[in-house]
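Protein chains in written order, with the working numbering: chain B, 696 to 845; chain E, 3 to 264.
Misleading hints may appear alongside valid ones.
[Stated by the list, open to error] Cut-off 20 angstroms, straight-line C-alpha distance, at most; resulting in silico cross-link-like pairs (EDC-like, lysine to aspartate or glutamate):
hint : chain 1 : residue 1 : chain 2 : residue 2
1    : E       : 66        : E       : 55
2    : E       : 153       : E       : 193
3    : B       : 811       : E       : 37
4    : E       : 107       : E       : 142
5    : E       : 66        : E       : 54
6    : B       : 811       : E       : 40
7    : B       : 811       : E       : 82
8    : B       : 811       : B       : 711
9    : E       : 153       : E       : 123
10   : B       : 811       : E       : 78
11   : E       : 66        : E       : 216
12   : E       : 153       : E       : 216
Bear in mind the hints are in silico, worked out from the structure with no lab data behind them.
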Amino acid sequence: MSERGALSILVLEDSDEDFDTVQQAARRAALPHRIARALTGEACLEMLNADPRGPALPRLVLLDLNTPGMDGRDALWEIRSDARWMTVPVIVLSTSANPRDVTLCYAGGANAYHVKPLRYTEHLEILQAVFAYWLGAVAPAAPTDRGTTP
Amino acid sequence: MELVVSRAERLAELNADLSRSNEELDAFAYVASHDLKEPLRGIHKYAHQLLEDATVLNDEHRRKLEALLRLTIRMDALLDSLLHFSRVGRTALELEATDLDEVVKEAVEMVAGRTTAATVDLRQPRPLPATICDRVRIREVYVNLIANALKYNDHPRKRVEVGHIPPGEDAARPNCPPGAEAHTIYYVRDDGIGIAERHCEQVFLMFRRLHGRDDYGGGSGAGLTIVKKLVERHRGQVWLDSVVGLGTTVYFTLPAGETVTA
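Construct the entire structure; sequences and hints are all you get.
Written out as structure tokens, the structure is:
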């Protein structure tokens with residue numbers, strides 16, 4: 696099994712500024728992970744489906760909610776309705792503080808929901824905390840061969 | 003007879019149009035302010051990075067970049083108010099039997115914290131009546147009104163009176179709009195700076211502030227607009243009575259719950 700695939704983060708984010716903030720936070724956290732970016736929900740699912748680097752899943756998926764094409768909400772449903780992707784931590788990062796969006800995402804199987812703050816330093820801190828927790832503190836699901844386990 | 007019917011129909015049509023356009027406006031405000039936040043975050047970020055990273059900034063550059071940061075923060079607060087306002091208009095009311103004294107107690111704690119006695123002289127002439135209303139939203143009404151009563155007040159110990167006037171009681175009801183006297187009238191009275199008569203209508207307008215941006219603790223100027231919307235959601239009315247230098251009383255009614263009891 697390839698270990699390289701297991702050390703990746705998949706980011707659905709259409710804003711260049713916000714994606715750059717993710718990369719900046721990853722640099723500050725000195726993450727060894729490869730960061731793959733999708734601009735639309737469709738691209739996000741394609742990348743999950745056909746990661747050329749190996750059979751293992753990304754360690755973390757970051758979802759923006761309002762993206763062109765299939766949006767983050769629908770991408771979340773798709774991810775959670777596919778047995779292969781059920782165990783991947785999915786963290787929503789959205790501009791929307793609307794309680795309806797928050798509830799919808801948790802009901803749809805998101806592991807956490809964060810509202811992107813205006814202040815850059817706070818934005819970086821949230822991302823670094825997400826990385827520290829989901830890539831450092833928690834025990835990850837055991838890697839499995841894709842498609843063979845439910 | 004026919005004329006009456008057609009006028010009634012026309013009126014119903016106009017009302018339907020009006021409520022539809024109000025809903026569209028709320029939805030518009032929501033989408034617009036939400037979508038404006040993303041570029042604003044980008045602007046804030048670049049200003050922040052220029053301030054941090056640029057090595058050749060002179061004092062004037064620095065001052066301007068700091069102003070730019072402040073402006074993005076202010077605009078973010080305005081957008082939050084607009085988002086909140088549109089949400090108040092769109093979500094359904096949850097009417098329930100409510101102990102208003104409990105609600106007022108929570109509101110005071112939310113505004114002033116637990117140690118209020120030294121700075122706040124809170125007066126409640128008699129218990130408020132049992133009411134049917136949306137508890138969380140009416141607490142927000144009291145939070146806003148009590149916050150204003152304390153904010154626009156120069157006394158070291160600020161007097162706030164929270165009370166009500168039952169329908170039929172022999173009491174003064176200054177500026178009471180027609181019909182409102184048939185309902186229980188709730189009020190929050192302060193001994194603050196007061197509002198000049200010519201401003202009494204304007205204070206309910208969105209983002210309308212009577213003082214400088216940073217005077218009296220700043221604020222976005224959305225508080226009373228949101229109060230008005232919350233009260234109107236209860237089919238009530240809100241109005242005020244004020245004398246400059248002596249204080250302000252804000253009155254409101256909540257007919258929605260009274261109809262349910264009847």
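Verification of the hints:
1. A C-alpha spacing of about 15 angstroms is found between residue 66 (chain E) and residue 55 (chain E), which places the hinted pair at or below 20 angstroms, so the restraint holds.
2. The hinted pair formed by residue 153 (chain E) and residue 193 (chain E) meets the criterion: a straight-line CA distance of about 11 angstroms does not exceed 20 angstroms.
3. With a C-alpha separation of about 13 angstroms, the suggested pairing of residue 811 (chain B) with residue 37 (chain E) holds against the 20 angstroms cut-off.
4. Of the pairs offered as hints, the one joining residue 107 (chain E) and residue 142 (chain E) holds, with about 12 angstroms between alpha carbons and a cut-off of 20 angstroms not exceeded.
5. For the hint pairing residue 66 (chain E) with residue 54 (chain E), the CA-to-CA distance comes to about 13 angstroms; that is within 20 angstroms, so the pair holds.
6. The straight-line distance between the Cα atoms of residue 811 (chain B) and residue 40 (chain E) is roughly 9 angstroms, inside the 20 angstroms bound, and the hint therefore holds.
7. Straight-line distance between C-alpha atoms of residue 811 (chain B) and residue 82 (chain E) comes to about 13 angstroms, which keeps the hinted pair within the 20 angstroms bound.
8. Straight-line distance between C-alpha atoms of residue 811 (chain B) and residue 711 (chain B) comes to about 14 angstroms, which keeps the hinted pair within the 20 angstroms bound.
9. At most 20 angstroms may separate the alpha-carbon atoms for a hinted pair to count; residue 153 (chain E) and residue 123 (chain E) meet this at roughly 14 angstroms.
10. Between residue 811 (chain B) and residue 78 (chain E) the CA atoms are separated by roughly 12 angstroms; this keeps the pair inside 20 angstroms, and the hint holds.
11. Distance hint between residue 66 (chain E) and residue 216 (chain E) is fulfilled; the C-alpha atoms sit about 18 angstroms from each other, no more than 20 angstroms.
12. Our distance criterion of 20 angstroms between C-alpha atoms is met by residue 153 (chain E) and residue 216 (chain E), whose separation comes to about 12 angstroms.
Checked against the numbered hints above, the structure violates none of them.
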